[in-house]
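Colleague: I would like the entire structure built from these sequences, with the hints used as guidance.
Next come the chains, spelled out residue by residue.
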Amino acid sequence: MPQNEYIERHTKLHGKRLDHEERTRKKAAREGHKQSENAQNLRGLRAKLYAKERHAQKIQMRKQIKQHEERNVKGAADEKEPANPVPAYLLDRANPTSAKALSSQIKNKRAEKAARFSVPIPKVKGISEEELFKVVKTGKKIAKKSWKRVVTKPTFVGPDFTRRPVKYERFIRPMGLRYKKANVTHPTLNVTVQLPILGVKKNPSNPLYTQLGVLSKGTIIEVNVSDLGIVTASGKIAWGRYAQITNNPENDGCLNAVLLV
Amino acid sequence: MATVLPPPPKRQRREEIERTQLQQDVSPLLATDLGSFKANFVDGDGNQMTDVIEINFADATEKNVSMLLNTLLGRDREDFTPYRFRIHIPGKDIIIDQYPTDLLALLQKNGVTNPFETTITLSAEPQAVFRVQAVSRMAHRIPGHGQPILACQFSPQSSSRLATGSGDNTARIWDTETGTPKFTLKGHTGWVLGVSWSPDGTKLATCSMDKTVRIWDPETGKPISEFKGHAKWVLAVAWEPYHLWRDGSARLASASKDGTVRIWVVNTGRTEHVLSGHKGSVSCVRWGGQGEGVIYTGSHDKSVRVWDAVKGTLLHNMTSHGHWVNHIALSSDHAIQTGYFDHTKDVPTTEEGKRQKARERFEAAAKIQGKVAERCISASDDFTMYLWDPTNHGTKPVSRLLGHQNKVNHVQFSPDGTTIASAGWDNHTKLWNARDGKFMKSLRGHVAPVYQCAWSADSRLLVTGSKDCTLKVWNVRTGNMAMDLPGHEDEVYAVSWASDGKMVASGGKDKAVRTWRN
Chain E
1 MPQNEYIERH
11 TKLHGKRLDH
21 EERTRKKAAR
31 EGHKQSENAQ
41 NLRGLRAKLY
51 AKERHAQKIQ
61 MRKQIKQHEE
71 RNVKGAADEK
81 EPANPVPAYL
91 LDRANPTSAK
101 ALSSQIKNKR
111 AEKAARFSVP
121 IPKVKGISEE
131 ELFKVVKTGK
141 KIAKKSWKRV
151 VTKPTFVGPD
161 FTRRPVKYER
171 FIRPMGLRYK
181 KANVTHPTLN
191 VTVQLPILGV
201 KKNPSNPLYT
211 QLGVLSKGTI
221 IEVNVSDLGI
231 VTASGKIAWG
241 RYAQITNNPE
251 NDGCLNAVLL
261 V
Chain C
1 MATVLPPPPK
11 RQRREEIERT
21 QLQQDVSPLL
31 ATDLGSFKAN
41 FVDGDGNQMT
51 DVIEINFADA
61 TEKNVSMLLN
71 TLLGRDREDF
81 TPYRFRIHIP
91 GKDIIIDQYP
101 TDLLALLQKN
111 GVTNPFETTI
121 TLSAEPQAVF
131 RVQAVSRMAH
141 RIPGHGQPIL
151 ACQFSPQSSS
161 RLATGSGDNT
171 ARIWDTETGT
181 PKFTLKGHTG
191 WVLGVSWSPD
201 GTKLATCSMD
211 KTVRIWDPET
221 GKPISEFKGH
231 AKWVLAVAWE
241 PYHLWRDGSA
251 RLASASKDGT
261 VRIWVVNTGR
271 TEHVLSGHKG
281 SVSCVRWGGQ
291 GEGVIYTGSH
301 DKSVRVWDAV
311 KGTLLHNMTS
321 HGHWVNHIAL
331 SSDHAIQTGY
341 FDHTKDVPTT
351 EEGKRQKARE
361 RFEAAAKIQG
371 KVAERCISAS
381 DDFTMYLWDP
391 TNHGTKPVSR
401 LLGHQNKVNH
411 VQFSPDGTTI
421 ASAGWDNHTK
431 LWNARDGKFM
441 KSLRGHVAPV
451 YQCAWSADSR
461 LLVTGSKDCT
471 LKVWNVRTGN
481 MAMDLPGHED
491 EVYAVSWASD
501 GKMVASGGKD
511 KAVRTWRN
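Protein chains in written order, with full-length UniProt numbering: chain E, 1 to 261; chain C, 1 to 518.
Read the hints as simulated data drawn from the structure, not as lab findings.
Any given hint could be a false lead.
Said to hold, decoys possible - Calculated cross-link-like contacts (lysine-lysine; reagent style DSSO-like; alpha-carbon spacing at most 27 Å): (1) Lys236/E with Lys279/C; (2) Lys125/E with Lys145/E; (3) Lys27/E with Lys48/E; (4) Lys26/E with Lys12/E; (5) Lys438/C with Lys236/E; (6) Lys236/E with Lys92/C; (7) Lys180/E with Lys140/E.
Modeller: Here it is as structure tokens:
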């Protein structure tokens with residue numbers, strides 16, 4: 001027996017205290033009061049550590065509650081017909097479409113010619129070059145001719161990009177404003193997933209912005225959807241799909257987009 | 001664009017590496033005289049076909065032996081039947097399915113010390129004399145249905161008529177030769193979940209979510225009758241085999257979500273029996289031709305039940321499955337569905353002749369070792385299948401087919417009854433030996449669950465339809481993909497191969513029927 005297990009050994013030999021059950025019950029009952037006292041009275045580093053621990057606990061708790069709630073949801077009424085016709089062998093199955101993010105509704109819409117080019121945000125406010133670029137005025141040569149620009153909006157920069165030498169770099173895309181991932185919503189399934197960006201397909205304001213990878217509201221980006229299990233018409237797993245940015249990333253600090261199917 | 005096949009499994013790769021590293025043993029090839037063995041040819045039932053004959057090992061390829069047997073049987077060259085051989089190892093119970101390239105080595109490996117003096121029994125399996133070519137292109141894309149297509153079936157008569165059932169509450173009959181709609185069968189008020197042609201091709205039964213079964217005349221597109229009685233959705237229907245039709249009328253079994261199977265007399269619309277006993281939705285029903293008729297049902301209550309079709313009594317209740325039974329298939333399915341139609345296209349003129357021919361076809365398909373013993377296979381959500389032989393083994397399964405890594409959705413016997421194909425949610429289609437349920441091959445290539453599969457009439461090809469929007473045609477002998485057929489814009493729900501092998505039809509979520517030919 002390991003040396004440090006003397007308490008267990010003692011319990012095995014002599015049993016627990018006679019009031020053990022009551023003490024543990026009372027301790028558990030006072031737990032809330034104890035936590036509250038700590039939360040109110042701890043100061044300094046201890047308070048910080050305590051708050052951090054409590055925060056993590058609460059997240060865990062919420063998650064668990066949510067799980068329980070999901071489990072308690074009663075199954076759909078038996079006689080209710082599913083929304084889309086499915087063959088007999090798929091009838092009683094739990095909806096397996098959540099992972100599969102292809103909706104025939106949107107596909108049908110795309111079959112019509114006019115709808116082929118329709119996007120969720122059809123009209124976008126243009127961004128002028130004065131707004132987007134800030135002129136760099138540091139350095140003698142650069143200040144004199146003022147040819148260098150800093151992009152003031154969020155951008156997507158490909159993974160293999162290296163900056164040009166200072167002498168040749170006309171546009172600076174600041175590190176702090178670069179994005180790699182977008183929160184992409186599937187319009188019919190109403191699920192949102194964070195997906196890596198593959199590229200900027202089109203920025204409607206200016207072709208130059210497309211080249212620079214500027215992410216503004218209404219920009220069409222290509223995202224990596226391989227995790228979603230979408231299948232192409234030729235029977236292969238789709239990799240990239242287009243999505244349109246729906247928020248103003250420079251205001252929000254995150255990138256929200258809606259998938260174009 | 002061709003589908004990129006998944007890389008071969010590790011075992012296969014290792015074997016390949018080993019093969020390339022080993023020096024090939026050429027000594028048997030060099031030896032000119034390998035000696036000979038005595039071959040005793042028996043047919044599928046164990047009857048001797050010819051006298052015992054001595055064959056040289058050097059010449060004993062399967063093709064040569066097949067030719068020799070044909071010659072011994074005194075056939076003309078035009079009437080030669082291709083044979084496949086199973087080798088019975090003398091003195092043991094082992095039967096080798098696959099004819100080897102080196103017969104001598106195989107015998108020695110199996111402990112036959114002196115193959116030159118032993119008589120080896122070869123059981124000859126006749127192969128289909130006709131050959132179906134793999135479909136390779138889309139012949140027609142026929143729009144018409146307003147909702148996904150949920151079921152499709154070719155007429156047993158010919159490949160020119162196809163029936164489909166759809167979520168738009170109609171069934172349609174198509175002329176596949178011209179790629180045009182023939183009739184729209186309106187009347188149902190719920191999705192049409194199943195369509196089934198009668199074995200003589202003169203009637204079409206549809207079952208629907210509106211709790212009814214309807215019978216239609218495929219020649220005119222007119223409704224004949226409507227059967228009401230089920231309390232919930234009707235999921236599947238099965239026709240009585242043609243050789244069992246009594247009193248001038250066919251019977252029809254319909255399986256419903258309410259846990260019952262009803263047997264209808266088609267001409268009068270009378271409910272003959274209500275087979276109740278299942279505690280869950282009955283997912284599949286089959287009508288076997290054994291004796292006076294046997295009905296097999298698979299249900300979500302995990303059981304497979306066998307019923308007497310005449311008396312309406314329960315014969316067996318098989319409860320080995322651990323989860324829903326999704327689908328069941330019979331070894332005689334193809335023969336029952338096609339009745340008296342076969343590849344020769346000569347249809348008997350008299351009623352009696354038709355019945356006789358249908359019976360002969362059924363017995364040929366169901367016969368095992370001289371006895372008519374229909375086999376049944378059930379596929380389940382518990383990832384396994386069971387092979388049943390209720391006539392001989394009762395409720396004891398012949399074997400349990402393990403190997404799928406997810407739910408098995410669809411299972412089908414080959415028309416010659418020697419192979420079973422099963423399609424599952426693990427994206428694979430697997431082939432099994434129908435005699436003992438041994439695993440044969442895995443057909444890999446789909447990237448999403450495989451919903452349905454269909455055999456060609458010569459049992460040499462298999463087509464599978466999948467959630468990944470493609471159909472794939474497989475060569476059963478080699479296990480390779482013979483053809484990849486993209487073209488659907490969404491999930492493929494139903495696929496059917498015409499009994500004359502000319503055409504494959506498929507339908508799915510993209511609402512257009514597609515026909516494929518070579």
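Colleague: Taking the hints in turn, state whether each one holds.
Modeller: How the hints compare with the structure:
Between Lys236/E and Lys279/C, the direct Cα distance comes to roughly 40 Å. Violation of the 27 Å bound is thereby established for this hinted pair. Distance hint between Lys125/E and Lys145/E is unfulfilled; the C-alpha atoms sit about 30 Å from each other, more than 27 Å. Of the pairs offered as hints, the one joining Lys27/E and Lys48/E holds, with about 24 Å between alpha carbons and a cut-off of 27 Å not exceeded. Restraint check for Lys26/E and Lys12/E: satisfied, since their Cα atoms lie roughly 23 Å apart, inside the 27 Å limit.
The suggested pairing of Lys438/C with Lys236/E is violated, with an alpha-carbon distance near 31 Å, which exceeds 27 Å. As the CA atoms of Lys236/E and Lys92/C are separated by approximately 48 Å, the hinted pair breaks the 27 Å bound. With a C-alpha separation of about 35 Å, the suggested pairing of Lys180/E with Lys140/E is violated against the 27 Å cut-off.
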